[in-house]
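All chains, please: the whole structure from these sequences, using the hints.
Chains as they are written, first to last, in the UniProt record's numbering: chain A, 1 to 557; chain B, 1 to 557.
Any given hint could be a false lead.
The list treats identical chains as one, so a pair stands whether inside a single copy or across any two.
With a Cα cut of at most 35 Å, we get these calculated DSBU-like pairs of lysine-lysine [stated by the list, open to error]:
1) 330 / 356
2) 95 / 328
3) 302 / 3
4) 302 / 394
5) 146 / 125
6) 499 / 61
7) 100 / 77
8) 394 / 328
9) 328 / 146
10) 475 / 74
11) 302 / 458
Keep in mind the hints are simulated off the structure, nothing from the lab.
Protein chains: 2
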Amino acid sequence: MNKIVVIGGVAAGLKAAAKARRGDPQASITVLERGKLISYGACGMPYYVGGDVNDIEDLMKTPVGIVRSSAFFKNVKDLDVLIQTEATAIDRQAKVVTVKKLATGETDTIPYDKLVIATGASPIKPPLPGVALDNIFSLWHPDDAKMIRQGIEAGNFKHAVIIGAGLVGMEMAEALTKRQLQVTVVEMKEQIFPAFLDAEIAGIASKYAVAKGITLLTEEKVERFTGETRVTAVETDKRTIPADLVILAIGARPNVELAKTAGLTIGVTGAIVVDEEMRTNDPDIYAGGDCVENINRLSGQKVFAPMGSTANKHGRVIGENLCGGHVKFKGVLNTVVAKLHNLTVGKTGLSERDAKQLGYDYITAMVAGHDKPHYMPGAKPITVKLIAEVQTGKVLGMQAVGEGEVAKRVDVVAAVLTLGGTIDDLFDIDLSYAPPYNSPIDNVAVAANAVMNKLAGKFKGISPLVAKEKLENGKTVFLDVRTPDEWKQIRLSDSPNIKYIPLGQLRNRVAELNKQDEVVAFCKISLRGYDAEGILEGAGFENVKVMEGGIVSWPFS
Amino acid sequence: MNKIVVIGGVAAGLKAAAKARRGDPQASITVLERGKLISYGACGMPYYVGGDVNDIEDLMKTPVGIVRSSAFFKNVKDLDVLIQTEATAIDRQAKVVTVKKLATGETDTIPYDKLVIATGASPIKPPLPGVALDNIFSLWHPDDAKMIRQGIEAGNFKHAVIIGAGLVGMEMAEALTKRQLQVTVVEMKEQIFPAFLDAEIAGIASKYAVAKGITLLTEEKVERFTGETRVTAVETDKRTIPADLVILAIGARPNVELAKTAGLTIGVTGAIVVDEEMRTNDPDIYAGGDCVENINRLSGQKVFAPMGSTANKHGRVIGENLCGGHVKFKGVLNTVVAKLHNLTVGKTGLSERDAKQLGYDYITAMVAGHDKPHYMPGAKPITVKLIAEVQTGKVLGMQAVGEGEVAKRVDVVAAVLTLGGTIDDLFDIDLSYAPPYNSPIDNVAVAANAVMNKLAGKFKGISPLVAKEKLENGKTVFLDVRTPDEWKQIRLSDSPNIKYIPLGQLRNRVAELNKQDEVVAFCKISLRGYDAEGILEGAGFENVKVMEGGIVSWPFS
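Right, dumping it as structure tokens:
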């Protein structure tokens with residue numbers, strides 16, 4: 001009888017165990033979990049804090065309300081799940097795991113034929129003065145979430161400071177602003193979502209966050225936390241911020257001590273190295289979930305990218321291979337999506353920053369547009385940035401942001417990336433079309449077309465980052481071609497370099513512009529800006545550009 | 001100077017013309033449109049009738065409210081759009097189009113170097129007695145939509161009969177039930193959406209439509225319409241249905257008379273034949289939009305599949321090629337999506353019916369599940385059916401239905417189909433994951449996994465159609481493993497062949513079942529049904545099956 005031992009009972013571990021049970025009904029399968037809880041939906045915690053989820057228990061239940069307890073797993077999956085049981089050592093020669101019962105302090109040994117390490121990751125706690133004060137939390141365990149919510153509901157928290165503007169940090173910024181707290185996010189890097197968004201897309205999200213009342217402090221470093229027993233302030237290199245609640249969200253580190261001590265190989269990312277079959281350098285030991293490193297399918301680089309979705313895929317692969325399978329996990333695209341009130345940001349594949357670092361000869365295009373026909377109720381704009389390789393047209397990455405439907409577009413591009421598709425392939429996809437769901441030409445197809453037009457020299461788009469420099473240097477004429485109503489409502493800036501001619505009048509008023517000038521045309525989304533480029537080029541202008549994404553995508557306030 | 005003439009000014013024609021202008025600023029480009037309106041969002045008409053869109057003019061305007069008139073296209077795109085101007089003949093030798101000014105009856109000739117035929121399609125009017133009575137409409141032109149809506153708002157219509165349960169028919173069924181009309185849909189075939197959905201998926205949608213108050217009459221043939229001047233009843237081969245409003249929605253025919261008379265090749269589908277560059281058999285004449293036939297990328301078969309999305313792609317390809325390009329249109333996947341109140345149905349690629357007809361050795365799996373984690377507000381179930389080739393694992397098609405997010409999943413599979421991906425590729429895609437948008441394992445990945453498990457013999461799923469036969473033949477034990485609460489709320493049927501044992505008790509109550517019996521396990525979505533299969537097989541049962549999709553996907557009332 002095959003003896004399978006799994007260390008870790010949250011996502012990858014239990015998935016592997018359940019899958020192995022289907023492959024081998026006779027095996028003895030033991031899952032060791034040092035905590036009290038197993039199989040909980042950790043990613044749901046910000047939504048519990050924010051109030052979308054009423055009961056923390058919901059994160060631990062099946063859809064019909066059964067708690068995923070040890071008894072449940074025994075009963076339904078025939079798995080022996082031992083909670084409050086920490087694996088303290090692995091003897092690879094003897095093939096034995098030493099465990100400690102945390103409730104009693106007893107130790108024991110459990111023999112294995114095949115071992116799975118799914119020890120997860122832990123939040124990084126910065127070694128700063130005062131970090132141990134009360135009311136400084138990482139949102140890592142349901143107990144954290146419960147204490148934060150209880151504090152909010154008891155009226156103890158008014159001023160929250162979130163350290164780190166990544167996924168968890170910004171999700172918590174939403175949650176806490178929904179709870180009427182004053183929220184300040186402090187980020188060392190120069191933008192929010194620094195790990196995956198390019199600056200101009202992050203800028204759109206920042207502008208939105210600020211409009212929702214979130215204070216964003218970038219390029220700012222926390223130096224200490226002050227207070228008697230409870231935190232009362234966060235001191236940065238620039239200021240002191242009053243705080244009665246602090247959320248540490250500066251990332252996580254893989255839990256690799258056990259593996260490392262057992263002599264398993266740890267990679268450049270600090271996580272456990274596994275091969276395509278999720279096997280460590282010991283052929284009888286698999287590892288998966290947040291404690292292992294992944295390969296980025298596009299760059300081929302090793303990455304530490306802990307995600308619940310990836311952990312579940314690992315679990316399936318390990319479960320199959322524990323029973324003699326040879327299933328491969330081919331890697332990740334570093335896809336992410338995040339909600340910030342009614343805004344969604346998403347990304348898949350390489351960012352422009354990644355593409356540059358990797359030495360690609362790449363081209364980008366950014367387009368804005370409604371997520372369905374403008375005449376439909378609820379149509380909202382989104383901005384899509386596409387990155388492709390110049391010579392092959394291969395899609396390298398995509399980012400999107402907006403109040404409209406972003407996740408669908410990210411997922412379509414993720415599918416194209418998985419199969420190595422080009423911008424032509426992306427344009428060609430017969431995507432579902434009906435007015436409640438989409439425009440006849442989907443936003444990603446518009447973006448693909450913009451890349452094609454740029455490659456063909458027909459569309460001379462520039463990013464808002466470049467546009468801003470040009471606007472400030474004063475040598476370029478900016479041409480706003482919107483309607484008088486739009487012009488009244490909002491302006492790109494009050495710069496005297498902006499000339500206003502509605503598109504409908506442009507053909508007759510071309511003489512007001514100088515053919516020798518560099519002209520940057522734009523409108524709300526810059527589709528009319530592109531028409532303006534056509535009109536001016538037709539009239540003999542030779543240095544006309546379009547500000548990609550238009551006013552909707554202008555990332556500056 | 002290149003003289004380009006385009007016949008048809010709705011979707012493909014104007015897109016081709018605008019694109020050609022970008023490629024050739026000097027060309028003379030004339031667009032001939034026999035109607036008064038150009039470039040309108042025809043697909044939005046059901047939403048105008050239903051009240052989602054307030055003003056029919058919105059379908060003819062740009063997002064900032066500018067009417068897309070001839071003057072607009074002249075001004076912005078430098079196109080000469082002649083409305084109420086019908087092309088009556090093409091002289092391919094002389095390269096001249098004869099036109100008739102419909103307002104005055106005058107005729108004229110217009111020479112061309114390159115011609116584009118984008119004459120669209122027309123609704124099929126059945127040659128039945130009484131079809132010319134008042135208040136019998138096709139929803140084809142904005143004037144139809146206006147008259148229907150005016151009649152509704154004047155209180156003239158109470159009993160609507162819709163002929164045809166395809167896309168337009170069912171969209172109108174939604175629109176008219178929203179307007180509080182009594183709606184009956186009469187369909188000759190045995191199911192709704194007969195052209196693209198398999199029976200069990202259509203059944204789920206039918207059940208929903210009936211619950212929304214729509215009367216569905218399938219396998220029923222309209223024989224005549226009766227009334228004095230206005231229609232008062234629809235007579236079918238089975239009954240007489242009182243009606244004060246009739247919508248004809250039995251499909252469309254391509255407008256090919258002009259092309260045919262000019263000697264251009266018409267295909268097996270009745271539409272104009274074009275090559276990959278959208279060129280007819282005359283090298284100077286292109287054709288696109290609803291008047292041409294397309295190729296299905298999967299089957300290689302010619303299809304007549306008029307869609308606004310496809311027409312726009314055609315327009316782009318033609319526009320590029322008019323200016324010396326060699327861009328190819330590679331075909332369609334017959335992707336569709338439709339909204340029926342809060343339900344969405346969608347499909348891409350081949351249906352099971354198609355796969356069977358084409359002689360594929362295929363496998364299907366149907367899975368149900370929430371569209372995001374069950375603990376998130378607004379999580380709703382969807383049912384996904386996946387069709388794949390047995391030997392290669394190549395994905396052939398997908399259908400989905402439910403109140404949850406369907407369009408995203410359809411589009412992801414459309415991307416995989418475009419690139420020839422397999423079920424492994426589909427499972428592997430690093431789709432965006434965060435609780436507001438998705439579960440860690442997306443519904444399409446669950447479906448891909450179900451196909452893999454079926455191929456490996458681990459999951460013995462049967463479709464609800466097969467299950468129903470087994471339930472009725474009485475030789476099979478159906479095993480419902482839901483919770484007592486669920487059992488109280490709803491039953492699959494009152495058949496005595498259904499045995500009820502909650503999953504949590506199954507391991508201890510196995511003796512109540514007979515190992516010799518065929519057992520079909522199920523639950524709400526049949527995930528616990530699959531667990532039950534595991535428990536029973538572990539206990540030595542050899543003939544256990546799972547009813548795919550569970551009660552959520554049961555297509556029978």
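Here is what the structure says about each hint:
1. In this assembly of identical chains, residue 330 and residue 356 lie within 35 Å of each other by CA distance both inside one copy and across copies; the values are 24 Å within and 32 Å between.
2. For a Cα distance limit of 35 Å, the shortest separation of residue 95 from residue 328 inside one copy, 25 Å, qualifies, whereas the shortest one across copies, 60 Å, does not.
3. With identical chains, the CA atoms of residue 302 and residue 3 are at most 35 Å apart within one copy only, with a shortest distance of 31 Å there and 56 Å across copies.
4. Taking the closest pair of Cα atoms, residue 302 and residue 394 come within 35 Å of each other both inside a single copy (21 Å) and across two copies (29 Å).
5. Taking the shortest alpha-carbon separations for residue 146 and residue 125, only the intra-copy value of 19 Å comes in at or below 35 Å, while the best inter-copy value is 64 Å.
6. Within a single copy, residue 499 and residue 61 get their C-alpha atoms only as close as 60 Å, which misses the 35 Å cut-off; across copies the closest is 25 Å, which meets it.
7. Proximity of residue 100 and residue 77 under a CA criterion of 35 Å is satisfied intra-copy only: 24 Å inside one chain copy versus 76 Å between copies.
8. Taking the closest pair of Cα atoms, residue 394 and residue 328 come within 35 Å of each other both inside a single copy (24 Å) and across two copies (17 Å).
9. When the C-alpha separation of residue 328 and residue 146 is checked against a cutoff of 35 Å, the pair qualifies neither within a copy, at 38 Å, nor between copies, at 58 Å.
10. For the homomeric pair residue 475 and residue 74, the shortest alpha-carbon distance between copies (32 Å) is at most 35 Å, but the shortest distance inside one copy (73 Å) is not.
11. For the homomeric pair residue 302 and residue 458, the shortest alpha-carbon distance between copies (33 Å) is at most 35 Å, but the shortest distance inside one copy (38 Å) is not.
Hint 9 from the earlier list is the only one contradicted by this structure; the remaining hints agree with it.
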